[in-house]
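*Asks:* Below, each chain spelled out in residue letters.
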Amino acid sequence: DAKTTQPPSMDCAEGRAANLPCNHSTISGNEYVYWYRQIHSQGPQYIIHGLKNNETNEMASLIITEDRKSSTLILPHATLRDTAVYYCIVRVRDTGNQFYFGTGTSLTVIP
Amino acid sequence: NAGVTQTPKFQVLKTGQSMTLQCAQDMNHEYMSWYRQDPGMGLRLIHYSVGAGITDQGEVPNGYNVSRSTTEDFPLRLLSAAPSQTSVYFCASSYLSLHSSGANVLTFGAGSRLTVL
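First to last, the sequence lines map onto chains A and B.
All residue numbers for the first sequence refer to this note's numbering, where the first residue is 1 and numbers rise by one.
All residue numbers for the second sequence refer to this note's numbering, where the first residue is 1001 and numbers rise by one.
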């Protein structure tokens, strides 16, 4: 199973870009990288996903290295509402839709 | 469009009691799953289902039963509750067939907080 490694916590100043790293050195060729976030005790919320190319949507950007062994989620202008736990997930190959969450990165946006 | 609905939101049980956490989705998703989240920890997969009549175990299935009689519902049963099952439980669903982007997106419910005394 492809595993991910994330720093347990990070701080970011309000209005600045938040760059959340994730290592997934054992990722397989057809596995996607997903990012979710969980605000307080709510259900996790999908942010973005990618395979090889960099991706951008209204919430964030995802930068995946060329060797696909790591990625970075970028929140371009962090707000206080972005304070949450961010999970980087690699979908396990050949096991359908099972998503295995780690402990994520707790991001605190500081005023 | 309600999405994923979990009931109850809060429940207190005594050790040995049984109960069922309900999960319903109205998005016609084939895939449904249950996670538990303990303080300071991430989500751990308990059971999942890829369609009516089909269920399988996740990472931490012991002490829990599931069934999938309809596409919409995926209840989680605790037959004999233990204090170790005190947790927040999340239900999630998604389409099974790959999205045109090649990926699947899970939609989560709001969670059910269970305390076993």
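Hints in this document: simulated from the structure, not taken from any laboratory.
Don't take each hint at face value.
With a straight-line Cα cutoff of 25 Å, these simulated SDA-like cross-link-like pairs (lysine to any residue) come out [what the hints assert, rightly or not]: (1) 1009(B) <-> 40(A); (2) 3(A) <-> 1058(B); (3) 1009(B) <-> 39(A); (4) 3(A) <-> 1039(B); (5) 69(A) <-> 1044(B); (6) 1009(B) <-> 83(A); (7) 1009(B) <-> 45(A); (8) 1014(B) <-> 29(A); (9) 1014(B) <-> 1096(B); (10) 3(A) <-> 1080(B); (11) 1009(B) <-> 5(A); (12) 3(A) <-> 1061(B); (13) 1009(B) <-> 3(A); (14) 1009(B) <-> 103(A); (15) 3(A) <-> 1071(B); (16) 3(A) <-> 1037(B); (17) 3(A) <-> 1014(B); (18) 52(A) <-> 1062(B); (19) 1009(B) <-> 69(A); (20) 52(A) <-> 81(A); (21) 3(A) <-> 1077(B); (22) 3(A) <-> 1095(B); (23) 3(A) <-> 1050(B); (24) 3(A) <-> 1105(B); (25) 3(A) <-> 1040(B); (26) 1009(B) <-> 17(A); (27) 3(A) <-> 1056(B); (28) 1009(B) <-> 1077(B); (29) 1014(B) <-> 1095(B); (30) 69(A) <-> 17(A); (31) 3(A) <-> 52(A); (32) 1009(B) <-> 102(A); (33) 3(A) <-> 1117(B); (34) 3(A) <-> 1096(B); (35) 52(A) <-> 1095(B); (36) 1014(B) <-> 1105(B); (37) 52(A) <-> 1105(B); (38) 3(A) <-> 1042(B); (39) 69(A) <-> 1056(B); (40) 3(A) <-> 1057(B).
*Asks:* Now look at each hint and say whether the structure bears it out.
*Replies:* Structure-based check of all given hints:
1. A threshold of 25 Å between alpha carbons decides the hint, and for residue 1009(B) with residue 40(A) the separation of about 15 Å falls inside it, so the pair holds.
2. Using a Cα cut-off of 25 Å, the hinted pair residue 3(A) and residue 1058(B) holds, with the two alpha carbons roughly 16 Å apart.
3. With a C-alpha separation of about 17 Å, the suggested pair residue 1009(B) and residue 39(A) falls inside the 25 Å cut-off, and the hint holds.
4. Using a Cα cut-off of 25 Å, the hinted pair residue 3(A) and residue 1039(B) holds, with the two alpha carbons roughly 21 Å apart.
5. With a C-alpha separation of about 23 Å, the suggested pairing of residue 69(A) with residue 1044(B) holds against the 25 Å cut-off.
6. As the CA atoms of residue 1009(B) and residue 83(A) are separated by approximately 23 Å, the hinted pair is consistent with the 25 Å bound.
7. The straight-line distance between the Cα atoms of residue 1009(B) and residue 45(A) is roughly 18 Å, inside the 25 Å bound, and the hint therefore holds.
8. The straight-line distance between the Cα atoms of residue 1014(B) and residue 29(A) is roughly 48 Å, outside the 25 Å bound, and the hint therefore fails.
9. Under the criterion of a C-alpha separation no larger than 25 Å, the hint pairing residue 1014(B) with residue 1096(B) is inconsistent with the structure, at around 37 Å.
10. A threshold of 25 Å between alpha carbons decides the hint, and for residue 3(A) with residue 1080(B) the separation of about 33 Å lies outside it, so the pair is violated.
11. Between residue 1009(B) and residue 5(A) the CA atoms are separated by roughly 31 Å; this puts the pair beyond 25 Å, and the hint is violated.
12. Proposed proximity of residue 3(A) and residue 1061(B) is supported: the alpha carbons are some 20 Å apart, at most 25 Å.
13. For the suggested pair residue 1009(B) and residue 3(A), the alpha carbons sit about 31 Å apart, so the restraint of at most 25 Å is broken.
14. Of the pairs offered as hints, the one joining residue 1009(B) and residue 103(A) holds, with about 23 Å between alpha carbons and a cut-off of 25 Å not exceeded.
15. Restraint check for residue 3(A) and residue 1071(B): not satisfied, since their Cα atoms lie roughly 30 Å apart, outside the 25 Å limit.
16. A C-alpha spacing of about 18 Å is found between residue 3(A) and residue 1037(B), which places the hinted pair at or below 25 Å, so the restraint holds.
17. Between the alpha carbons of residue 3(A) and residue 1014(B) the distance comes to roughly 37 Å, so the proposed pair goes past 25 Å and is violated.
18. Note on residue 52(A) and residue 1062(B): the hinted pairing is violated, with a Cα-Cα distance of about 37 Å set against a maximum of 25 Å.
19. This hinted pair does not check out: residue 1009(B) and residue 69(A) have alpha carbons roughly 39 Å apart, beyond 25 Å.
20. Taking the CA atoms of residue 52(A) and residue 81(A), the gap is about 29 Å. The hint is violated against a cut of 25 Å.
21. Taken as a hint, the residue 3(A) and residue 1077(B) pair is broken in the structure, with Cα atoms around 29 Å apart against an allowance of 25 Å.
22. Among the hinted pairs, residue 3(A) with residue 1095(B) is consistent with the structure: their alpha-carbon atoms are about 23 Å apart, no more than 25 Å.
23. As the CA atoms of residue 3(A) and residue 1050(B) are separated by approximately 23 Å, the hinted pair is consistent with the 25 Å bound.
24. Taking the CA atoms of residue 3(A) and residue 1105(B), the gap is near 19 Å; set against the 25 Å cutoff, the hint holds.
25. Our distance criterion of 25 Å between C-alpha atoms is met by residue 3(A) and residue 1040(B), whose separation comes to about 19 Å.
26. The hinted pair formed by residue 1009(B) and residue 17(A) fails the criterion: a straight-line CA distance of about 35 Å is larger than 25 Å.
27. Among the hinted pairs, residue 3(A) with residue 1056(B) is consistent with the structure: their alpha-carbon atoms are about 21 Å apart, no more than 25 Å.
28. A hinted pair counts as satisfied when its Cα atoms are at most 25 Å apart, and residue 1009(B) with residue 1077(B) qualifies at roughly 15 Å.
29. Restraint check for residue 1014(B) and residue 1095(B): not satisfied, since their Cα atoms lie roughly 36 Å apart, outside the 25 Å limit.
30. Proximity of residue 69(A) to residue 17(A) is assessed by CA-CA distance (about 22 Å); at most 25 Å being required, the pair is judged to hold.
31. Restraint check: the Cα-Cα separation between residue 3(A) and residue 52(A) comes to about 17 Å, which is no more than 25 Å; the hinted pair holds.
32. With a C-alpha separation of about 24 Å, the suggested pairing of residue 1009(B) with residue 102(A) holds against the 25 Å cut-off.
33. Proximity of residue 3(A) to residue 1117(B) is assessed by CA-CA distance (about 34 Å); at most 25 Å being required, the pair is judged violated.
34. Our distance criterion of 25 Å between C-alpha atoms is met by residue 3(A) and residue 1096(B), whose separation comes to about 22 Å.
35. Distance restraint check for residue 52(A) and residue 1095(B): the Cα-Cα separation of roughly 22 Å lies within the 25 Å cut-off, and the hinted pair is therefore satisfied.
36. Straight-line distance between C-alpha atoms of residue 1014(B) and residue 1105(B) comes to about 36 Å, which puts the hinted pair past the 25 Å bound.
37. At most 25 Å may separate the alpha-carbon atoms for a hinted pair to count; residue 52(A) and residue 1105(B) meet this at roughly 18 Å.
38. A C-alpha spacing of about 14 Å is found between residue 3(A) and residue 1042(B), which places the hinted pair at or below 25 Å, so the restraint holds.
39. A distance of roughly 30 Å separates the Cα atoms of residue 69(A) and residue 1056(B); the hinted pair therefore is violated under the 25 Å criterion.
40. Between the alpha carbons of residue 3(A) and residue 1057(B) the distance comes to roughly 19 Å, so the proposed pair stays at or under 25 Å and holds.
Comparing the model with each earlier hint shows violations of hints 8, 9, 10, 11, 13, 15, 17, 18, 19, 20, 21, 26, 29, 33, 36 and 39; every other hint is respected.
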